[in-house]
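Protein chains in written order, with numbering that gives the first Met the number 0: chain P, 0 to 474; chain W, 0 to 474.
Keep in mind that the hints are not guaranteed to be accurate.
Copies of the same chain look alike in the list, so a pair counts if it fits in one copy or across any two.
No farther apart than 30 Å at their CA atoms in a straight line, the calculated lysine-lysine pairs in the BS3-like style are these [said to hold, decoys possible]: (1) LYS399 / LYS30; (2) LYS418 / LYS30; (3) LYS105 / LYS399; (4) LYS223 / LYS300; (5) LYS399 / LYS454; (6) LYS327 / LYS223; (7) LYS454 / LYS105.
The set of hints was computed from the structure by calculation and includes no laboratory data.
There are 2 protein chains.
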Amino acid sequence: METFFNPASVVVIGASNSPFNLGATICRTIKHFASFPGPVYAVNRKAEAVFDCPGYAQVTDIPGPVDLAVIIAPAAVVPDFIAQCAAKDIRHVVIESSGFSEGGPKGQALQHAIDTIAKAHGMRILGPNCLGVLNSRNRFCCFYGIFEEDFANFTRKGGGSVSYLIQSGGIVVIMLESLLSDVVGANKIVSIGNKCDIDEADMIAYYGQDPTTEVIGMYLENVKDGRKLIETARDVKKPMLAFKVGRTGEGARAAMSHTAGMVNDDRIFDSACRQAGIIRLHSISELHSLPKIFITMPPLKGSRIAVFTNSGAFGGITADLLIAAGLKMARLAPEVQQRLQATGQVFNAANPIDLGPTISMQTFQDIFDILLTCDEVDGLLAVPSLWHPVMIEVITELVKKCHAHGKPAAIYTPNAAAKTIGYRTNHQVPLFESPEEAVRALQVSHQHYLYSLWKESEDLAPKEGENYEFASSGA
Amino acid sequence: METFFNPASVVVIGASNSPFNLGATICRTIKHFASFPGPVYAVNRKAEAVFDCPGYAQVTDIPGPVDLAVIIAPAAVVPDFIAQCAAKDIRHVVIESSGFSEGGPKGQALQHAIDTIAKAHGMRILGPNCLGVLNSRNRFCCFYGIFEEDFANFTRKGGGSVSYLIQSGGIVVIMLESLLSDVVGANKIVSIGNKCDIDEADMIAYYGQDPTTEVIGMYLENVKDGRKLIETARDVKKPMLAFKVGRTGEGARAAMSHTAGMVNDDRIFDSACRQAGIIRLHSISELHSLPKIFITMPPLKGSRIAVFTNSGAFGGITADLLIAAGLKMARLAPEVQQRLQATGQVFNAANPIDLGPTISMQTFQDIFDILLTCDEVDGLLAVPSLWHPVMIEVITELVKKCHAHGKPAAIYTPNAAAKTIGYRTNHQVPLFESPEEAVRALQVSHQHYLYSLWKESEDLAPKEGENYEFASSGA
Chain P
0 METFFNPASV VVIGASNSPF NLGATICRTI KHFASFPGPV YAVNRKAEAV FDCPGYAQVT
60 DIPGPVDLAV IIAPAAVVPD FIAQCAAKDI RHVVIESSGF SEGGPKGQAL QHAIDTIAKA
120 HGMRILGPNC LGVLNSRNRF CCFYGIFEED FANFTRKGGG SVSYLIQSGG IVVIMLESLL
180 SDVVGANKIV SIGNKCDIDE ADMIAYYGQD PTTEVIGMYL ENVKDGRKLI ETARDVKKPM
240 LAFKVGRTGE GARAAMSHTA GMVNDDRIFD SACRQAGIIR LHSISELHSL PKIFITMPPL
300 KGSRIAVFTN SGAFGGITAD LLIAAGLKMA RLAPEVQQRL QATGQVFNAA NPIDLGPTIS
360 MQTFQDIFDI LLTCDEVDGL LAVPSLWHPV MIEVITELVK KCHAHGKPAA IYTPNAAAKT
420 IGYRTNHQVP LFESPEEAVR ALQVSHQHYL YSLWKESEDL APKEGENYEF ASSGA
Chain W
0 METFFNPASV VVIGASNSPF NLGATICRTI KHFASFPGPV YAVNRKAEAV FDCPGYAQVT
60 DIPGPVDLAV IIAPAAVVPD FIAQCAAKDI RHVVIESSGF SEGGPKGQAL QHAIDTIAKA
120 HGMRILGPNC LGVLNSRNRF CCFYGIFEED FANFTRKGGG SVSYLIQSGG IVVIMLESLL
180 SDVVGANKIV SIGNKCDIDE ADMIAYYGQD PTTEVIGMYL ENVKDGRKLI ETARDVKKPM
240 LAFKVGRTGE GARAAMSHTA GMVNDDRIFD SACRQAGIIR LHSISELHSL PKIFITMPPL
300 KGSRIAVFTN SGAFGGITAD LLIAAGLKMA RLAPEVQQRL QATGQVFNAA NPIDLGPTIS
360 MQTFQDIFDI LLTCDEVDGL LAVPSLWHPV MIEVITELVK KCHAHGKPAA IYTPNAAAKT
420 IGYRTNHQVP LFESPEEAVR ALQVSHQHYL YSLWKESEDL APKEGENYEF ASSGA
């Protein structure tokens with residue numbers, strides 16, 4: 000699998016100098032935007048060079064060895080190119096072209112031809128009907144149609160540690176774009192399309208052992224093999240977050256016309272996630288917003304939360320959300336409340352803790368220490384309004400204290416989303432964009448903690464129907 | 000009520016030149032930031048002028064008549080000032096000070112003293128424990144602690160037509176901040192605090208007949224008089240959107256410690272909203288995000304939605320959301336699908352309509368006309384990715400076509416929130432920030448349409464338990 004993300008040499012089949020040729024954009028990205036160090040070849044009828052990639056009419060004409068083939072030729076000619084790849088002993092192929100199993104009986108016949116050759120020669124295939132891969136660390140990327148500025152942006156944060164498997168190209172784009180204004184970055188991204196060979200379980204297994212991947216994010220339109228998914232994911236201890244489309248019949252029908260695949264009963268997917276220790280997401284935006292709770296904060300080991308705010312209304316709003324999410328408002332002992340009152344700035348020392356308009360860093364530090372060392376508190380929901388410049392230092396300090404005390408805080412600044420996103424990007428602090436998102440982050444952090452407990456325990460085979468989720472009515 | 004938003008003369012009681020005096024910030028806002036045309040007086044012990052507002056020791060020392068008193072003195076002295084206001088024949092008073100019914104028996108006694116005087120003299124009181132009012136049209140504002148830049152921003156969009164009644168100051172700030180990057184603006188805002196006199200029903204009645212108010216938004220921590228609320232709101236035909244904290248016991252407790260008031264059973268509030276034709280909101284962000292569907296689009300008269308996207312994955316995602324929201328995927332007749340196919344750019348002409356990467360404006364116009372004139376379609380959910388500059392023109396054109404054909408579109412651009420907000424602000428197009436928000440906008444548009452039907456009908460007295468909502472499992 001590593002070869003897909005880190006090939007030594009590449010051929011782009013279907014890259015030519017015709018106007019609007021998508022293959023040419025792949026050559027351009029690999030050769031020019033990414034300055035790929037190894038040889039990159041193009042295959043087209045005229046055997047012409049494309050963006051400085053030497054051109055050949057047949058794959059077998061290429062002189063040197065080739066690690067990876069990227070195919071973006073029309074569906075009808077793809078089986079022939081697969082045969083050429085086999086003859087050239089290329090074992091790793093990305094098929095980006097569409098028109099296969101999502102395209103009726105004719106497409107299905109083409110797919111069958113491909114499968115037969117690939118199986119006979121031990122080839123691994125990614126796609127078809129996909130965007131391929133992006134590896135932000137070595138900057139290898141075989142997406143078509145990518146602009147230079149976007150590529151530069153997407154690979155700028157090369158130290159990212161969230162790896163994605165995404166069944167649709169459109170979701171890849173919104174994910175990369177959204178991470179630009181967040182504190183965590185993408186590591187590897189793979190768009191798996193129709194999954195004729197490599198499927199979600201293969202990718203989970205690979206990301207599970209990939210040393211630079213800390214969190215695995217998935218967008219799925221269907222599941223190819225539920226049993227394989229469960230058995231593979233059960234062995235993976237990293238947080239796995241999955242959004243699946245098709246909760247309703249209408250959604251499933253729309254997804255099926257998009258990337259081929261049988262419609263899965265949504266309840267079965269739900270059950271599979273529970274058995275596999277995969278956290279199912281409620282919205283597509285959670286795919287980029289939630290990983291930061293795992294990467295920037297210690298896990299939430301219990302469900303008792305202290306709410307800390309300088310905007311009284313949000314005490315009530317977040318209390319409602321926490322209870323709905325199956326979490327609990329921590330009960331603070333009288334002596335803890337007295338210590339909070341002693342800081343001299345607290346309007347309300349019972350949880351939620353409502354703070355006056357102080358800008359004293361010492362007061363904030365004292366309060367954080369009191370709450371994070373308190374036995375009745377497992378984690379914080381911090382809602383500090385960005386009303387004064389010192390608040391960003393306060394938030395930075397809170398992040399440090401969380402690590403020092405081994406308890407997490409989900410931080411939501413009750414300001415316009417544009418302002419929150421701006422501060423997050425400029426100061427690299429893990430801010431959530433809504434109180435719902437912050438509460439959900441605590442919920443998934445605790446959920447993953449519970450999953451990791453049973454994965455570490457002896458009993459690695461939970462039975463169908465067993466519930467490893469803590470009580471929750473959803474967000 | 001008009002006097003609160005448009006007084007001819009004002010006194011700020013408790014404004015002095017002491018450091019950190021909040022009353023002084025009110026004088027500064029009214030006199031300097033807003034260039035208030037009438038006289039503004041200050042009342043303080045030293046009888047000193049504050050920010051060019053002449054100062055007096057007693058309200059009764061002021062030479063000319065006074066329309067409105069704003070009190071921000073300590074709670075203990077407020078009853079005495081109320082008595083002075085009565086003696087001066089001031090009938091409109093804003094009490095911003097806290098420490099009354101939310102502050103235990105002592106505060107409740109002070110509140111009782113105020114009530115007695117006010118009642119005897121026919122005074123109307125706003126608050127206590129509130130921020131007062133902002134009128135973006137004449138720029139009158141008695142909020143304390145407001146910065147010049149914020150005031151300028153908040154009143155810049157003086158033509159706004161959403162009026163708010165908000166029980167908490169913190170929510171006022173996030174609302175104003177959020178509207179800065181949206182296409183609609185605030186008209187009047189009132190923070191009603193403890194509601195010792197003027198309550199939510201009074202404000203609804205006022206906004207209901209206010210000619211410049213098109214949509215009414217509410218943030219409530221409790222309801223003072225449910226029967227009065229229902230009877231008042233039932234006569235109001237404008238869209239009324241209400242977020243109420245306290246859905247859970249913990250939330251209600253937190254709200255009660257913030258602004259005083261009995262805890263209301265949340266189910267009773269739900270029932271009251273249904274009987275009154277008030278749309279209950281699911282999150283605080285909906286208070287600023289949803290009004291634009293009413294102001295920028297025709298109403299959604301039926302529940303059949305056509306989804307139109309150039310990002311295939313979002314066809315499935317939005318179909319799931321529409322069904323969950325109680326809306327329907329429109330069934331397009333074969334001849335409609337043929338006409339869509341004839342544009343030559345459509346991947347999938349069955350709903351959801353999945354478009355290729357065209358940038359032809361004519362194609363977009365043709366598709367919009369086909370869908371908006373189609374009898375099987377009541378409204379659109381448009382999901383155009385901002386991948387090319389022409390897309391913003393496409394969206395502008397769609398808004399025009401919606402008005403021409405009398406059907407709404409909720410528009411979500413599947414891009415990073417920062418990008419969507421930036422385009423919305425710079426191009427003034429009504430974009431929603433998530434697919435959930437766009438679907439919810441269609442849901443509330445249709446809900447309000449159904450409410451307006453029964454309000455226009457003979458039967459204006461729906462019975463308790465009757466359901467005027469269309470089927471929905473929530474967003």
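For this session: Starting from the hint list further up, note which numbers the structure goes against and sort them upward.
Result: 1, 3, 4 and 7
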